[in-house]
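Student: As given, the protein sequences belong to chains B and E, one line each in that order.
Using our numbering, you'd call the opening residue of the first sequence number 139 and step up by one each time.
Using our numbering, you'd call the opening residue of the second sequence number 296 and step up by one each time.
No lab work stands behind these hints: they were computed from the structure.
Be careful, since some hints might not be right.
Claimed, not checked - DSBU-like, lysine-lysine: derived pairs with alpha carbons at most 30 angstroms apart: (1) B/K324 with B/K227; (2) E/K664 with B/K343; (3) E/K505 with E/K664; (4) B/K155 with E/K664; (5) E/K608 with B/K297.
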Amino acid sequence: MNKDINAIHFSNILGCKVLSENNDYLGQLSDFGVSVLNEELKNPLVTIAKIKFKNKFSYLDLKNIKISLENDNYVLKCSSVVEKKIDSKTIFLAGHILDKQIIDINGRKVVRVNDIKIVPIEEDWYVIAVDVGVKGLLRRLGVSRILDSSLKIINKELKSNLILWNDIEAILPRNENIVLSKTYKKLEKLHTSDLADILEDFDTKTSMEIFSHLDKDRAADVLEEIEPNVKKKIVETLSSEQAADILEEMPSDEAVDILQDLDDEQAEQILNNMEKDASEDIRELMKYEEDTAGSIMSKEYITYKKAQRVFEVLEDFRNSRIDDEVLFSIFVIDENEKLCGVITLRDLIAADINLNLDKIMEENYIHVHNTDSLHDLIKIVTKYNLVEIPVINENKELLGTILINDIIDELVENKLIKI
Amino acid sequence: MFKKLLIFLSVLGPGIITGSVDNDAGGITTYSVAGATYGYKLLWTLIPSFIALFVVQEMNARMGIVTGKGLADLIRENFGVKITFFIFLGLLIANVGNTATEFAGVAGSMQVFGFSKYIMVPLSAIGVWVLVVKGNYKISERIFLIFSFALLSYVVSAILAKPDWVDIGKALVKPSFEFKAHYFSMVIGIIGTTIAPWMQFYMQSAVIEKGIKIEQYRYAVLDVFVGCIATIVVAFFIIISCASTLYPNHIIINEAEDAAMALKPFAGVFASQLFAFGLFVASIFSATILPLATAFYICESFGFDAGIDKDFKDAPEFYGLFTAIIVIGVVIILIPGAPLITITIGSQVINGLLLPVVLISMILMVNKKELMGEYVNNKAQNLVGWLTIAILIILTIILLISSFMPSAATGI
Numbered sequence: 139m140n141k142d143i144n145a146i147h148f149s150n151i152l153g154c155k156v157l158s159e160n161n162d163y164l165g166q167l168s169d170f171g172v173s174v175l176n177e178e179l180k181n182p183l184v185t186i187a188k189i190k191f192k193n194k195f196s197y198l199d200l201k202n203i204k205i206s207l208e209n210d211n212y213v214l215k216c217s218s219v220v221e222k223k224i225d226s227k228t229i230f231l232a233g234h235i236l237d238k239q240i241i242d243i244n245g246r247k248v249v250r251v252n253d254i255k256i257v258p259i260e261e262d263w264y265v266i267a268v269d270v271g272v273k274g275l276l277r278r279l280g281v282s283r284i285l286d287s288s289l290k291i292i293n294k295e296l297k298s299n300l301i302l303w304n305d306i307e308a309i310l311p312r313n314e315n316i317v318l319s320k321t322y323k324k325l326e327k328l329h330t331s332d333l334a335d336i337l338e339d340f341d342t343k344t345s346m347e348i349f350s351h352l353d354k355d356r357a358a359d360v361l362e363e364i365e366p367n368v369k370k371k372i373v374e375t376l377s378s379e380q381a382a383d384i385l386e387e388m389p390s391d392e393a394v395d396i397l398q399d400l401d402d403e404q405a406e407q408i409l410n411n412m413e414k415d416a417s418e419d420i421r422e423l424m425k426y427e428e429d430t431a432g433s434i435m436s437k438e439y440i441t442y443k444k445a446q447r448v449f450e451v452l453e454d455f456r457n458s459r460i461d462d463e464v465l466f467s468i469f470v471i472d473e474n475e476k477l478c479g480v481i482t483l484r485d486l487i488a489a490d491i492n493l494n495l496d497k498i499m500e501e502n503y504i505h506v507h508n509t510d511s512l513h514d515l516i517k518i519v520t521k522y523n524l525v526e527i528p529v530i531n532e533n534k535e536l537l538g539t540i541l542i543n544d545i546i547d548e549l550v551e552n553k554l555i556k557i
Numbered sequence: 296m297f298k299k300l301l302i303f304l305s306v307l308g309p310g311i312i313t314g315s316v317d318n319d320a321g322g323i324t325t326y327s328v329a330g331a332t333y334g335y336k337l338l339w340t341l342i343p344s345f346i347a348l349f350v351v352q353e354m355n356a357r358m359g360i361v362t363g364k365g366l367a368d369l370i371r372e373n374f375g376v377k378i379t380f381f382i383f384l385g386l387l388i389a390n391v392g393n394t395a396t397e398f399a400g401v402a403g404s405m406q407v408f409g410f411s412k413y414i415m416v417p418l419s420a421i422g423v424w425v426l427v428v429k430g431n432y433k434i435s436e437r438i439f440l441i442f443s444f445a446l447l448s449y450v451v452s453a454i455l456a457k458p459d460w461v462d463i464g465k466a467l468v469k470p471s472f473e474f475k476a477h478y479f480s481m482v483i484g485i486i487g488t489t490i491a492p493w494m495q496f497y498m499q500s501a502v503i504e505k506g507i508k509i510e511q512y513r514y515a516v517l518d519v520f521v522g523c524i525a526t527i528v529v530a531f532f533i534i535i536s537c538a539s540t541l542y543p544n545h546i547i548i549n550e551a552e553d554a555a556m557a558l559k560p561f562a563g564v565f566a567s568q569l570f571a572f573g574l575f576v577a578s579i580f581s582a583t584i585l586p587l588a589t590a591f592y593i594c595e596s597f598g599f600d601a602g603i604d605k606d607f608k609d610a611p612e613f614y615g616l617f618t619a620i621i622v623i624g625v626v627i628i629l630i631p632g633a634p635l636i637t638i639t640i641g642s643q644v645i646n647g648l649l650l651p652v653v654l655i656s657m658i659l660m661v662n663k664k665e666l667m668g669e670y671v672n673n674k675a676q677n678l679v680g681w682l683t684i685a686i687l688i689i690l691t692i693i694l695l696i697s698s699f700m701p702s703a704a705t706g707i
């Protein structure tokens, strides 16, 4: 008896018989191909049925196939055997999604697909969700029905853990044979640190696939947040030009850390591919010994001259001429690069916009020298409750800045504190 | 030339570590019993074991380098939930047995020093748990590796016992058969302890963690080769020591104390203490790795969070499994009168029975072009692989027949 079908679990229909109109045996269903052609469609349309017959595969147009339920088994009847060509916008459920790891966007983590839910809307079939929970696993093992009935006796229910297709991102492997064109737009919703965590959970190949789809800025931000081992692997896999492009977008102290982890040859190659300013800054920083303030400082700071006015700074902020995300102070320097004073953001905003900067700057600013030890640095920062501290040399020339974040990172890395 | 040496040293690790861990309580016990019970008659199994071990480990290393994915991952992605479930069920049973074996090693070695197993085993289990969860795993790995050099005392002992090297040479190349169930289970046990299934998962992960690139493939193969040599050489000398000292006097190994006698030529009165020390270190080392690795791989393939860097509440299945494996292993050993040696050999036999299943899935995957690209198996590798599987299955069938119908076996 045929029943109208509400929804199909993909694992249940895999392996089912495919018959022609005359009930001739055409083969077994070995996969569904779905079209991601229309990116606006929240749910992909199932377009192809991959049939296996005597170790040969054929790809039939799903339009000619009717799926029905007979005696608890799925039956696929094909009205006319027409092969459909697979293009680069077709992905396969068993080949690319089932049992593979995908990204749960809302959950911000990596999960494994245990099953896939497909529903009929009018004449077509759409993928609506993936099952990543234990119930999906049990269904694959064939025990979920027994479990359901047993649990009913004690009035309990094991819920399915379904994620809507729209809230997941599947990562497709790159293959010489098929070039799958896929954009990873949904990843833009993720916070940088979450995306970094996700990249750490995947294997290197998949991580590189995701990473290569990020634009330079985002790639640099994400790379900053990734843990050192994975960071090193990614940078080693990129070409020198690619690595140089990304490292240029990072704060210089971060770039230095990465380059110091690579072997000298590779580091040199990347430095040579960078813009002169960036590579010069980095080479300077690399010269510092470990355990000096100079070794963890960065070159990303903002300077103005004494005679400039408050409104100029505010305008630069509004025009995005200042694009550093992490900003706590403005440094005021003279013609010889000597640091004359420091202005906190708070003082800047509270000040009369027409004042010269030298009127609101703090001349007795707290500082460290580039050769001071990390221990002294931490003492000063904690004593004066600072979040940012300028680094100068004996001639009071401004060399760099250190953020409280960098200090914490250093402590964690040296295992002085464990998180 | 110097540069090549540097590359080799940077890639060195997975093969050697795997080779050393292979000589755990199960290994030491199995080889000792083999030598004591059958003299040189089981030596011939070492050469085929070596070839099979090398081919299998090379496949793992290659899969790890090319796909960048662990063996558990690959099995789940290529064979689906049902097969993954059965393989890991088998692996779980085998590894609970293996863990029990490691604690049997702890119990046996501590008995030599006069400590009761009821105190030492739970203590060391707690110690292992704390070491893994709270401690620095990498440092303890290095310490254990250094102590595993203690196994070299078998080499010295074997030479000092002045065995007949001609006899040994003959036994190495000429197979001899005894049609007893015990003999066949020993053969399977030797193969199972040398090519333990869980080592395949471990080796592949180690290769991935090292970040070995495909350009360094040749050096990785060399590393695997050296590791296999280490395993087989130690096995060889353990068997010979026991064969020269215990077999002639028909000393059956019932306790670890008996096996320690094999070191008398080398260590004299200190034979027991030396043996006990080596056995203890090897047991603790493997007891640390085994439950951890098993829990990790099972969680990975079924989508549960795993890893010691995660909190208990983030990864309850992982910590639960890890703790359960240790606890069950301990309980088995603490049963009064538990036959430690029999349990040990038995768990290695289970390894040998599970091995064909894991190998079959590995061979099927390593021949897939979509997975391995141009690095699929060549004909020779496939031949050795399938031959190993076939031999193991035949041995299993013979073992089953001879266990249930002793008379039928002798008719072969």
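Student: Going through the numbered hints above, which ones does this structure break? Give me the numbers in ascending order.
Tutor: Result: no hint breaks.
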